[in-house]
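Each chain, letter by letter, is given below.
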Amino acid sequence: MKKYNTLISLAVIVAYTAVSAATVFSKPKAMSETENRELAQAPSFSLEALLNGNFTDEFEAYTTDQFKWRDAAISLRANCEYLLGKKGNNGVHFAKDGYLIARPEKCNEENLEKNLNGIIALADTELVNVCTAVVPTAFETLKDKLPSHSYDSRVADVNSYINQKLGDTGVSVCDFTDVLQQHKDDYIYYRTDHHMTSEGCYYLYSKLGEALGYEPYPIEDFSREELSDEFKGTSWSKAAVTFAKKDTIEKFVLPGSTDQTLEYPLEGIELDSIYDESFLETKDKYSTFLGGNHALTVIKSNCDSDRKLAVIKDSYAHAVAPFLANHFESVHLVDLRYYNEDLLRYLDDNDITDVLVLYNAETFNTDTSLPKLEENTYNSSVFDPPAFGFLDVTEPVTDDYFADAVIFGDSIAAGFIYAATIPGIFVSKASTNTVNIHTEKIGDRTLVESLLSQEASKYYIELGINEVSYRPPEEYKENMRNLISMIREKNPSGIIYLQSLMPIAYSTELETSISKAKIDAYNEILVALAEEENCYYLNVNGYLAEENGYLQEGVASDGIHFGVPYYRKWEDYLRVHAVQDKRRGKTVTVAKPYAGGGEINLDSFAQEMVDCVLFEDELSPVTESAAARMFNLSDGEVLNGVVYAGSGGKADEFAAFEVQSPEKAEEIADKMRARIESRKQDFENYIPEEMPKLNNPVVVVDGNLVVMCVSADGEAAKVVISHY
Amino acid sequence: MVFSSIVFLFYFLSAVMLLYYILPAKCRNTVLLVASLLFYAWGEPKYVFLMIFSALLNYSCGLLLGKTNRKKWILVLNIIINIGLLVYFKYTNFLVSCVTNIIGREALTLDIVLPIGISFYTFQALSYTVDVYWGKTAVQKSFVSFALYLSLFPQLIAGPIVRYNDVARQLVTRKSTGTGFMEGVTRFCAGLCKKVIIANNVGKLWSSISVYDFTGLSLANAWLGIICFSLQLYFDFSWYSDMAIGLGKMFGFDFLENFNYPYISKSITEFWNRWHMSLSSWFKEYIYIPLGGNRKGKARTYLNLLIVWMLTGLWHGASWNFVLWGLYYAVLLMVEKAFLKDALKKIGPFAHLYTMFLVIIGWALFSIEDLTGVIDYIKAMFNFGYLGFGEQDFLYNLTSYAGVLILAIVLSTGVPKKLYDKYIPEKLTFVKYIFAFIGFVICVAYITNDTFNPFLYFRF
Chain X
1 MKKYNTLISL AVIVAYTAVS AATVFSKPKA MSETENRELA QAPSFSLEAL
51 LNGNFTDEFE AYTTDQFKWR DAAISLRANC EYLLGKKGNN GVHFAKDGYL
101 IARPEKCNEE NLEKNLNGII ALADTELVNV CTAVVPTAFE TLKDKLPSHS
151 YDSRVADVNS YINQKLGDTG VSVCDFTDVL QQHKDDYIYY RTDHHMTSEG
201 CYYLYSKLGE ALGYEPYPIE DFSREELSDE FKGTSWSKAA VTFAKKDTIE
251 KFVLPGSTDQ TLEYPLEGIE LDSIYDESFL ETKDKYSTFL GGNHALTVIK
301 SNCDSDRKLA VIKDSYAHAV APFLANHFES VHLVDLRYYN EDLLRYLDDN
351 DITDVLVLYN AETFNTDTSL PKLEENTYNS SVFDPPAFGF LDVTEPVTDD
401 YFADAVIFGD SIAAGFIYAA TIPGIFVSKA STNTVNIHTE KIGDRTLVES
451 LLSQEASKYY IELGINEVSY RPPEEYKENM RNLISMIREK NPSGIIYLQS
501 LMPIAYSTEL ETSISKAKID AYNEILVALA EEENCYYLNV NGYLAEENGY
551 LQEGVASDGI HFGVPYYRKW EDYLRVHAVQ DKRRGKTVTV AKPYAGGGEI
601 NLDSFAQEMV DCVLFEDELS PVTESAAARM FNLSDGEVLN GVVYAGSGGK
651 ADEFAAFEVQ SPEKAEEIAD KMRARIESRK QDFENYIPEE MPKLNNPVVV
701 VDGNLVVMCV SADGEAAKVV ISHY
Chain G
1 MVFSSIVFLF YFLSAVMLLY YILPAKCRNT VLLVASLLFY AWGEPKYVFL
51 MIFSALLNYS CGLLLGKTNR KKWILVLNII INIGLLVYFK YTNFLVSCVT
101 NIIGREALTL DIVLPIGISF YTFQALSYTV DVYWGKTAVQ KSFVSFALYL
151 SLFPQLIAGP IVRYNDVARQ LVTRKSTGTG FMEGVTRFCA GLCKKVIIAN
201 NVGKLWSSIS VYDFTGLSLA NAWLGIICFS LQLYFDFSWY SDMAIGLGKM
251 FGFDFLENFN YPYISKSITE FWNRWHMSLS SWFKEYIYIP LGGNRKGKAR
301 TYLNLLIVWM LTGLWHGASW NFVLWGLYYA VLLMVEKAFL KDALKKIGPF
351 AHLYTMFLVI IGWALFSIED LTGVIDYIKA MFNFGYLGFG EQDFLYNLTS
401 YAGVLILAIV LSTGVPKKLY DKYIPEKLTF VKYIFAFIGF VICVAYITND
451 TFNPFLYFRF
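Chains as they are written, first to last, in this note's numbering: chain X, 1 to 724; chain G, 1 to 460.
In short, the hints are calculated from the structure, not lab data. Among these hints, one or two may not hold up.
Claimed, not checked - To give an idea of the interface, some chain G residues facing chain X are shown, with a C-beta separation under 7 Å as derived from the structure: (1) 7; (2) 178; (3) 399; (4) 403; (5) 440; (6) 442; (7) 446.
Unchecked claim - Simulated crosslink set (BS3-like; lysine-lysine; CA at most 30 Å straight-line): (8) X:3 <-> G:422; (9) X:232 <-> G:204; (10) G:26 <-> X:86; (11) X:96 <-> G:204; (12) X:68 <-> G:204; (13) X:145 <-> G:204; (14) X:3 <-> G:204; (15) X:3 <-> G:296; (16) X:3 <-> G:418; (17) G:26 <-> X:3; (18) X:143 <-> X:87; (19) X:86 <-> G:204; (20) X:3 <-> G:432; (21) G:418 <-> X:86; (22) G:417 <-> X:245; (23) X:106 <-> G:379.
Here a beta-carbon is modelled for each residue, glycine too, at the ideal position from N, C-alpha and C.
Produce the entire structure from the sequences given, and follow the hints as far as they go.
Structure (structure tokens):
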């Protein structure tokens, strides 16, 4: 052997030199098709790059990327790894039945939370219905095919985290786990790609029907057409083994749905088919569906629906969208990785009412673009709001507008409790000011705590008359600013209205230390504050006052607390001074305590009461829902009723209800006494002169009739009651 | 430039090989020197001047030592400069942090980059000047030859630490034979396989376990991880020696062996006679024996051992865990020297278990740089309350790497080589060449694909 070694050495040197020369002088390629990426190119030389090491690093990357037999080398290595007993290559498992299944990242709760917060923020705008659908990848669904000991619950963890996190919110979740388990033996995932086949996507579509509200067509209705049987997907490239089986791509077409067209609005491109079959000639055959990833893709279809759907998605949705297009006039697919416009504006402009968030579990777990949704909702000018500060007359709003509005304030605001015809959340108490709202309690919460605990999107504040006589305007301003910032902290997107202090009668100015001048000073402060703090100032004062700026004499017994007619005027003012909110808002639930029926003519009773009893205030009838608020009545609790109330300045009021049984009448009587007790608390330190009336109320139960009267003329009331 | 890269294999090595054998024999040292400097400059374009400075310094010290009477002063000065540079580049930040710790100030980190291979070439330079001082070797008059000794690219970065004395003659004349060349080629290919197929593969598992939270690590995973690290370290480091020896042979050099199947040792003493032999013998020759070795009584012997092993620990890296690791071996070696050595001979295979157990614990100290991490890791290795052998995670790790682990363990025992030597007659050497060729092709395939190509020994 030894004698040949010199020859062999020579041969080795010659052969090695030749191979090296072939490598060094081979022509560099721009792209690697198997790896689907650009290859490194020869770096340009500079002294600086040499000294900081960039040149040599880039040169080494270049030589490795451009190695002449690179593709063969990668396959050789993959096969060696397989022979070494490895369970996969480059993060893709060698699974049974020719499947190559990518191993996903572990469940990343921190990232998931950020992504879900984006979705929740979108749902919280209440502009659209949001459904979240995160598809388990093959790693979960086809776990039986994985190599031994490879499975863990990482994908299932992602899905259960999503279910748990969204469970308490208004976002609906579509869980595919069961439907995919049922069909796991069908060809629902590509063997060599991480996507789902059209058949798999059919099952996603059939399940989504429940959440999106359509009746899916049965699978037999679709005609199936094979597009390619030469598909080698991403897992094929990554695993790189030579023994994998190619995939078949099909499309499912519903007869008659051929008029679906495709548009990339941001690129100004329109196509007349949702399948771009030119991709079938390339390696990237999956892009045949919708032509691959685009920031915005719109499918328009000829189906007879006027619903429009937006899909926030990754590429998993591309093969699902053709199915969805059978049920929506248009389907708008948004890829947040590339879409940087204002999405809310887009949804609004296109009248989209339903949003589907459709991702595969792996992308959803690792993607970092969903939090854009949260920024969107902060930046978006959904409301198209007028300038802050003094609010001029606006388009009228319906009463629904006030369903999630808090009416907050002192005794004047408290008048709304019985005087309101608008729905609303009434948080107010007599004798309050900007300081004691933090200590005065309703039940076991302070006024402010109660205010902040309400689920509301609009805040009407009316406060200041109890302090205007002595508190310097600047101090009042800072107290109000503090209140605003507390509301902002709780609900950053809430609309805050600062209502003016209401006018007083001229006679009151003479008798008390409250004056028009002081009220005007406070109101000026409120205008300035509204501008500074991005709130709206409502000049109700200007609407209720006479031309001279004072309240008409006689409409308020004390010159301050006006009666029901003025609340009607106030409401009218609010209806045409409201910032439009395009949110769907809450469904209005107006309390309806009167079940109807009954034999007693309560209207004539009321008339007799007003005529015969000496009330110190002008009483007016209150609405059914106001009565429910005042006496804490539940729906249908009484057959019929009548309630008359005055202004906040006097305790006078009366109520009568007809009920089904004497027992029920006693219950209602208790509610009346509770009302009187709470009124006592209001008046005790506020207008103590009214206390005798409250200490001597008339509460009478007579069979099915129950009557309450608070007045200084209890005897007369008893007489009237005895007539019924 | 690492050996396991396309640039080295197909650009650098083939060009050097071609020039080396095409040009006249007298140019060979120059070709190798230029190649070595280029090789070094590729990774350290600035510090190549430091290395040239070191070559000039030690070359002139050698000349001076041959001429002057004040040899001692020259040598002391030489040692101070050599060690001074090493300390400055390698230990400044460590020393600063020790000092700031003591005086209770906030630690500051200086921007000092460790020049590759400085630990190795400094020790090589010292072996020359000290040997010249002792008169063990003649002064090298040719700067090219001396600079080549210091910078020879096969062992420049990670050893072995070639003593000047061992290659002095080869620097002047060396014979290139076909047999030697082919031995070099096969050795080179074998080394490449060790690195690319085994070390990188087990290293992957170690690097995935080493980022776990150690306080929640199961006993099973802890042992699997550290066994991987032990194998990775052995294959990675011995690979470098194989490559150096193989490349050396291809250019006519004969370097001494550096590893001799350390994991079959039956005592710690034996382990250190088989692991990184060039380093152990350097410390023995230039520190232990000059300190008096074992000739000055028991107490001095133990003190000398302690000093040598503290320094050995520190040589491996500027951080406390390496000092601890050195002390650990000092204690083990003392105990063995004192009484355990004889006992170990009587317990047969258990001695092997004992050795591997302690070596693996040693690697735990070695592998994790922060001390709390070391403690947590070792705790996990003995946390019998959390075995974790049945856990999916462990089974996945184990079964994924079982093939590579078995291969690595079998190879580290030296049994395949013994079988080969026994059953394949010398006539059939070409079998070896075929294996080498297949191995080379597979390695190139791995190198092309594998972005995971870290080299553990760069920090020395």
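Verification of the hints:
no. : hint            : verdict
1   : 7               : holds (5 Å)
2   : 178             : holds (3 Å)
3   : 399             : holds (5 Å)
4   : 403             : holds (3 Å)
5   : 440             : violated (10 Å)
6   : 442             : holds (6 Å)
7   : 446             : holds (5 Å)
8   : X:3 <-> G:422   : holds (23 Å)
9   : X:232 <-> G:204 : holds (28 Å)
10  : G:26 <-> X:86   : violated (51 Å)
11  : X:96 <-> G:204  : holds (25 Å)
12  : X:68 <-> G:204  : holds (27 Å)
13  : X:145 <-> G:204 : holds (25 Å)
14  : X:3 <-> G:204   : violated (43 Å)
15  : X:3 <-> G:296   : violated (54 Å)
16  : X:3 <-> G:418   : holds (25 Å)
17  : G:26 <-> X:3    : holds (25 Å)
18  : X:143 <-> X:87  : holds (14 Å)
19  : X:86 <-> G:204  : holds (12 Å)
20  : X:3 <-> G:432   : holds (16 Å)
21  : G:418 <-> X:86  : holds (28 Å)
22  : G:417 <-> X:245 : violated (40 Å)
23  : X:106 <-> G:379 : holds (26 Å)
The structure does not agree with the numbered hints 5, 10, 14, 15 and 22 stated previously, though it agrees with the rest.
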